[in-house]
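A.B. asks: The primary structure of each chain is shown beneath.
Protein chains: 2
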Amino acid sequence: MLEVADARAEVLARVRPPVPLVQSVAGMTGAVIAADVAADRDSPPFDKSLRDGYAVRSTDRFDAPLRVVEEIPAGAVPVKAIGAGECARIFTGAPIPAGADAVVMQEDATAVGDGVTTRHAPRPGQWVYRRGAEMRAGEVVVPAGSVLTPAAAGVLAGVGCVEAPLYLAPEVSIVATGDELVDVCRTPGPGQIRNTNGPMLAALTATAGGVPFDHGIARDTRDALRDTLGAALAEANVVLIAGGVSAGKFDLVPGVLEELGVTAHFHKVRMKPGKPLLFGTRGDTLVFGLPGNPVSALVCFELFVRPALRALAGHADPGPRTATLPLAAPVAEVNDRPTYRPAVLEPAAVSWAVRPLEGGSAPDLRGMAPADALLVLPAGDARYDTGTPVPVVLMDRKN
Amino acid sequence: MLEVADARAEVLARVRPPVPLVQSVAGMTGAVIAADVAADRDSPPFDKSLRDGYAVRSTDRFDAPLRVVEEIPAGAVPVKAIGAGECARIFTGAPIPAGADAVVMQEDATAVGDGVTTRHAPRPGQWVYRRGAEMRAGEVVVPAGSVLTPAAAGVLAGVGCVEAPLYLAPEVSIVATGDELVDVCRTPGPGQIRNTNGPMLAALTATAGGVPFDHGIARDTRDALRDTLGAALAEANVVLIAGGVSAGKFDLVPGVLEELGVTAHFHKVRMKPGKPLLFGTRGDTLVFGLPGNPVSALVCFELFVRPALRALAGHADPGPRTATLPLAAPVAEVNDRPTYRPAVLEPAAVSWAVRPLEGGSAPDLRGMAPADALLVLPAGDARYDTGTPVPVVLMDRKN
Numbered sequence: 001m002l003e004v005a006d007a008r009a010e011v012l013a014r015v016r017p018p019v020p021l022v023q024s025v026a027g028m029t030g031a032v033i034a035a036d037v038a039a040d041r042d043s044p045p046f047d048k049s050l051r052d053g054y055a056v057r058s059t060d061r062f063d064a065p066l067r068v069v070e071e072i073p074a075g076a077v078p079v080k081a082i083g084a085g086e087c088a089r090i091f092t093g094a095p096i097p098a099g100a101d102a103v104v105m106q107e108d109a110t111a112v113g114d115g116v117t118t119r120h121a122p123r124p125g126q127w128v129y130r131r132g133a134e135m136r137a138g139e140v141v142v143p144a145g146s147v148l149t150p151a152a153a154g155v156l157a158g159v160g161c162v163e164a165p166l167y168l169a170p171e172v173s174i175v176a177t178g179d180e181l182v183d184v185c186r187t188p189g190p191g192q193i194r195n196t197n198g199p200m201l202a203a204l205t206a207t208a209g210g211v212p213f214d215h216g217i218a219r220d221t222r223d224a225l226r227d228t229l230g231a232a233l234a235e236a237n238v239v240l241i242a243g244g245v246s247a248g249k250f251d252l253v254p255g256v257l258e259e260l261g262v263t264a265h266f267h268k269v270r271m272k273p274g275k276p277l278l279f280g281t282r283g284d285t286l287v288f289g290l291p292g293n294p295v296s297a298l299v300c301f302e303l304f305v306r307p308a309l310r311a312l313a314g315h316a317d318p319g320p321r322t323a324t325l326p327l328a329a330p331v332a333e334v335n336d337r338p339t340y341r342p343a344v345l346e347p348a349a350v351s352w353a354v355r356p357l358e359g360g361s362a363p364d365l366r367g368m369a370p371a372d373a374l375l376v377l378p379a380g381d382a383r384y385d386t387g388t389p390v391p392v393v394l395m396d397r398k399n
Numbered sequence: 001m002l003e004v005a006d007a008r009a010e011v012l013a014r015v016r017p018p019v020p021l022v023q024s025v026a027g028m029t030g031a032v033i034a035a036d037v038a039a040d041r042d043s044p045p046f047d048k049s050l051r052d053g054y055a056v057r058s059t060d061r062f063d064a065p066l067r068v069v070e071e072i073p074a075g076a077v078p079v080k081a082i083g084a085g086e087c088a089r090i091f092t093g094a095p096i097p098a099g100a101d102a103v104v105m106q107e108d109a110t111a112v113g114d115g116v117t118t119r120h121a122p123r124p125g126q127w128v129y130r131r132g133a134e135m136r137a138g139e140v141v142v143p144a145g146s147v148l149t150p151a152a153a154g155v156l157a158g159v160g161c162v163e164a165p166l167y168l169a170p171e172v173s174i175v176a177t178g179d180e181l182v183d184v185c186r187t188p189g190p191g192q193i194r195n196t197n198g199p200m201l202a203a204l205t206a207t208a209g210g211v212p213f214d215h216g217i218a219r220d221t222r223d224a225l226r227d228t229l230g231a232a233l234a235e236a237n238v239v240l241i242a243g244g245v246s247a248g249k250f251d252l253v254p255g256v257l258e259e260l261g262v263t264a265h266f267h268k269v270r271m272k273p274g275k276p277l278l279f280g281t282r283g284d285t286l287v288f289g290l291p292g293n294p295v296s297a298l299v300c301f302e303l304f305v306r307p308a309l310r311a312l313a314g315h316a317d318p319g320p321r322t323a324t325l326p327l328a329a330p331v332a333e334v335n336d337r338p339t340y341r342p343a344v345l346e347p348a349a350v351s352w353a354v355r356p357l358e359g360g361s362a363p364d365l366r367g368m369a370p371a372d373a374l375l376v377l378p379a380g381d382a383r384y385d386t387g388t389p390v391p392v393v394l395m396d397r398k399n
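Sequences listed follow chains P and S, in order.
In terms of the numbering used here, the first sequence has 293 at position 293, counting the first letter as 1, and numbering is strictly consecutive.
In terms of the numbering used here, the second sequence has 38 at position 38, counting the first letter as 1, and numbering is strictly consecutive.
The hints are simulated quantities; they were obtained by calculation from the structure and are not laboratory data.
Please note that a few of the clues may not be correct.
[Said to hold, decoys possible] Simulated DEER-style distance windows between Cβ atoms:
| no. | chain 1 | residue 1 | chain 2 | residue 2 | range |
| --- | --- | --- | --- | --- | --- |
| 1 | P | G230 | S | A144 | 19 to 27 Å |
| 2 | S | E235 | P | G230 | 46 to 54 Å |
| 3 | P | P347 | S | S24 | 54 to 62 Å |
| 4 | P | T110 | S | V350 | 54 to 62 Å |
| 5 | S | V77 | P | P330 | 51 to 59 Å |
| 6 | P | R61 | S | G261 | 49 to 57 Å |
| 7 | S | P330 | P | P124 | 41 to 49 Å |
| 8 | P | R136 | S | D183 | 17 to 25 Å |
| 9 | S | G27 | P | A9 | 31 to 39 Å |
| 10 | S | G145 | P | P330 | 38 to 46 Å |
| 11 | S | G145 | P | V77 | 49 to 57 Å |
| 12 | S | E71 | P | T263 | 46 to 54 Å |
| 13 | S | A144 | P | T324 | 29 to 37 Å |
Built from N, CA and C at the ideal position, the CB exists for glycine as well.
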């Protein structure tokens, strides 16, 4: 049986190169930019005052009041050069006039008739932000592969970049399978339960930067599966199928996928929960057959699907994000496979500790709701005391 | 001058109680639920098989093949009771028939004519998920105040909760001020720069769960400010104003806000950057006058605006999220105020370390783009070696 790391490498090797499209950058925080963006001009575009005060010549004598020859608010253009014994009233953000090379803050100056006196002689360049000090025209200010953070959105605005090639968000079709399932809007009859995987996988997809399309529930017949999975495959970069991938008589998904031209690359991974995971491709479309148990499906999403979606969205580091953190409580678990247990990060004196949540690997989705990490326990007899550093997978959440 | 913690307490004390509205829960990951949601029925709703195999009586003798009296796929309802020497073919998710109390996995059973033999006698309850083991009808499964995680979305679907009272996302009006500013779509003339704060604050607002409305640029005149700020105040829970809050001749914002009926609660905070921060209210509307420098505005957003938006959105813990982490590189800074420097978290042998970014407190937004934390340095002579634990504020980012 494949190990988790090898299975993930197999998935990532099948991800086609991400596809860029020129789009408006507004509202695209979290997207990845596909080409270098350069400054169209120097920033600041002129020597700029960093304070309200007086633009002066630092080489002046400052033994008598300086004569104020002009007032330069932000947005204005100075028209006079500053000579010996002269200065200009200036405001934050305004261009330094010719001749001047420093600014005296208004708190350090006193108006005397038509002029001003200063408390100290200024250093050359004092409170002046030099033209091009932040960026030079032509310089790359947001390199290809950068994530659009809010600060990057500000930088792009500063260079007049309204549209840029951004990697497309992957489109994800979601299908739940099982004759026992009814839609969330319906009251389950005897023997039935509601479809929890569809809404959960749609929410997970959105947190991973994907666009979910919920294809609802497919019945456990070859015909129903062929119709629904065929439609799901036709229009998505990724297809997530929940349930129907074990080896039982009614687990028809692997056979139907084969009929539909999907090549299976692996089926079963050495992990708990999530062992029955199936992964295949048809052309560039990635197909994940996830276990029907929602906790197992969620763990498989974090370990395999989220990295695939990040790679498709152009992230250089697909993850999952991992760390080593001390345990906030002891754990004891005996298993034949590496085990992933829901956990939460807690502040510690330095850094964080990780606390396993109750319920562990039992099939209880409610216990997963507050989790922001998965504790990774090795196969065998895993008993660790409080304080032992253990590996964790960080679950990405938008909250 | 107010300390940061006192200023934040003043802001949070003015946040009106969050407002719930019954809404569809689909697509609302990250929102906070305003009322308890209870299970409408037991889950599982019946004793359920956890495996494909055979439903048996654990007290049976297992010395001869058991007769298969029925086949129960998932979604079906068993019609026969299991007597001594009998069993039912059963599949994962299907109801356990009357009389049976355990499941033998198909891997542990062998078909013999009309019956099956099992390798081992089962434990009572083996591979049976008992009715109500996950949740009981009437039991609260998503308590008021919970964040809608993907797992919570699955739990809500499981109990048929399509709509629920969710706290409304705060609406945030954004106004940039300054005669030197032009819109990002325009080419700046002499003395002009593009408006970077508007797009940056809109992106920050979205990452904090708010809905941004960009009111563009207001000129530095009383009339222009009165018009734009009046419109911004009329329709928002929060107004963010970038620039015009220092003490200069053209810093008209405080006076215009007063004219518009905004009560100022503080103006200036003991921090660097971000000292000129102004905070006021009009009725329930919170008004932040942020410094015009984008780095200062960003730091003020993380320390004051994001917590206010989280409180308005119903989060019990408004933040900011903080931690203590060892330094990945030495820092040296001398300042008269507590100082916030952009930094990134790096994996360490255990946990993470925090690395200050180059550029520090200089007004360079580009240097902020990769930051995911702010390093907090105390006032005075702050010199720390690599490895020293230091406080950090974690910046929330959706990537």
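A.B. asks: Within 54 to 62 Å: is that where the Cβ-Cβ distance between P347(P) and S24(S) falls?
C.D. replies: For P347(P) and S24(S) the Cβ distance comes to about 34 Å; the hint is violated.
A.B. asks: Does the Cβ-Cβ separation between P330(S) and P124(P) fall within 41 to 49 Å?
C.D. replies: Violated, since P330(S) and P124(P) (Cβ atoms, about 30 Å apart) do not stay within the stated range.
A.B. asks: So the hint says 17 to 25 Å: do the beta-carbon atoms of R136(P) and D183(S) match that?
C.D. replies: holds (23 Å)
A.B. asks: Assuming the hint says 49 to 57 Å, is it satisfied by the Cβ distance from G145(S) to V77(P) or not?
C.D. replies: For V77(P) against G145(S), whose Cβ atoms are near 55 Å apart, the range 49 to 57 Å holds.
A.B. asks: Could you say whether the range 46 to 54 Å given as a hint is met by the Cβ separation of E235(S) and G230(P)?
C.D. replies: holds (48 Å)
A.B. asks: So does T110(P) sit 54 to 62 Å from V350(S), Cβ to Cβ?
C.D. replies: holds (58 Å)
A.B. asks: Taking the Cβ atom of G27(S) and the Cβ atom of A9(P), is their distance within the range 31 to 39 Å?
C.D. replies: holds (33 Å)
A.B. asks: Take the C-beta atom of V77(S) and the C-beta atom of P330(P), compute their distance, and say whether it sits inside 51 to 59 Å.
C.D. replies: violated (44 Å)
A.B. asks: Using the C-beta atoms of A144(S) and T324(P), is the stated range 29 to 37 Å upheld?
C.D. replies: holds (35 Å)
A.B. asks: Per the hint of 38 to 46 Å, is the separation of the Cβ atoms of G145(S) and P330(P) within bounds?
C.D. replies: 29 Å Cβ-Cβ, so the 38 to 46 Å window is violated.
A.B. asks: With 46 to 54 Å as the target window, see if E71(S) and T263(P) comply at their CB atoms.
C.D. replies: violated (32 Å)
A.B. asks: Confirm or reject the claim that G230(P) and A144(S) have a C-beta distance inside 19 to 27 Å.
C.D. replies: violated (43 Å)
In summary, the structure is inconsistent with hints 1, 3, 5, 7, 10, 12 from the numbered list given earlier, while agreeing with the others.
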